[in-house]
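At position 320 of the sequence shown the residue is numbered 320 (full-length UniProt numbering), and the sequence of numbers has no breaks.
Just so you know, these hints were derived from the structure itself, not from any lab. Quick caveat, the model's predicted, so the values are computed rather than measured. Please note that the accuracy of each hint is not assured.
[Unchecked claim] Taking lysine-lysine pairs in the DSSO-like style, the calculated list, with each CA pair at most 30 angstroms apart, reads:
hint, residue 1, residue 2
1, Lys157, Lys235
2, Lys81, Lys187
3, Lys235, Lys106
4, Lys126, Lys246
5, Lys87, Lys176
6, Lys235, Lys299
7, Lys207, Lys235
8, Lys76, Lys126
9, Lys184, Lys157
10, Lys87, Lys309
11, Lys299, Lys81
12, Lys309, Lys299
13, Lys190, Lys176
14, Lys87, Lys187
15, Lys126, Lys81
16, Lys157, Lys87
[Unchecked claim] Estimated spans, in silico, between C-beta atoms of each pair:
hint, residue 1, residue 2, range
17, Asp287, Lys81, 36 to 42 angstroms
18, Ser194, Asp312, 43 to 49 angstroms
19, Asp146, Met243, 35 to 41 angstroms
Idealized CB from N, CA, C, for every residue including glycine.
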Amino acid sequence: MHIDSIKLFGITPKKSAENKNGTKTKGETFQSGSFSDLNALKKTGVVGVSSEYKNDNQRQIDATILNFRKANNAAKVFLRKAVLAQKNILDDASNVLSMADEAQGKYTEMLGLYNAGAPIASLGDKRYEITRNADGNAMMDEYTQDGTLLSTTYFEKGLPVLYVQGAQELPDGTTKVDLEIDYKDAKPLKYTQSGRFLPNGECIVEKEIEFANGKPRVYRQGQRDYLDDVTTVEKIIHFDGDMPIKYEEDVTFCPDSSFISSTRADFEDGEIISYAQDSSETANGRDGFKRRILFENGKLALYQEDFEKRPDYSYEFSKSIDFENGREKTYMEGFEELSDGPSRIDKMIKLENKLPKSVIFGLDFGVEKHAEKIFEDVNGIWVQVKKNN
């Protein structure tokens, strides 16, 4: 998000505009130049901010910085989890690809035996049986030597389309599948681990990987589909090639296509670019989050609280901290940007070593920039910047 308003903290005395005759026109300017004659300013009544006012600002800033630190620490933990998950998922994907190659190799070998009149044969410590349909499609069962069924692979036109391992009907009517792989053009399309189909129609899956061109595209962990079309997922990771682009935890998908997640991180070229807590997206375009941190080139750039985007593309947030070189630079409260462009800020504070140095109240970006009040810390004394008319 681009914030021009930060430049306002460099406010310096401006010359009033001149008309064609060279005389100055009447206009309103904010001055913060030299406050060398502080006593004179005191006499004009522009000096004076109570200690309670100063303390209140500091408390708000400290509370927001504390919230930021908690979110930033959580983001670091989340990032480590994402890196570990990425490695595990890529390992799983590699194993799935190996299983596909292995199934194809066994089928090719068994098909030769089948055509030679031996539909059942032993390969290593396993026994295999091929059953062919009239249309040429086939099914290959894998058994232990004592006859226990281990897996079944289905083939169409000589290529695997489905691999099922550990399929079992339980006494309570639940269908359990230890492992299932869907194929397209002999490449894995979807990998499912520990799936259970309950008698009431609900489905629980421990782990699932969707593939695109032999690479993982989406990883899901702890998914449950309910009868009311609500789906909950403990963890979702989206990939582009081998790199993650989005990682979410505790996600709930609703029937109207809206969803919420407790934690979310977005990545670009393997680097984190945003981290958000309690984010949501609705079908009508009203999106938001409780807390979010934005990063640029791996460094802190912006922290926001209570962000909400409306269907008309206007948005607002309650608090934010802007960073420069890893240090807190600007604190804002009550930001709102309308869809037609103008924006407002209830309070904007320039920070120096986490302490407030300048405060602007009621900043409005309308036809002209306007502020209700401006204060500056001058040698430890808060001064209201003089307004010239």
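Taking the earlier hints as the rules, which of them does this structure contradict?
1, 3, 4, 8, 10, 15, 16, 17 and 19
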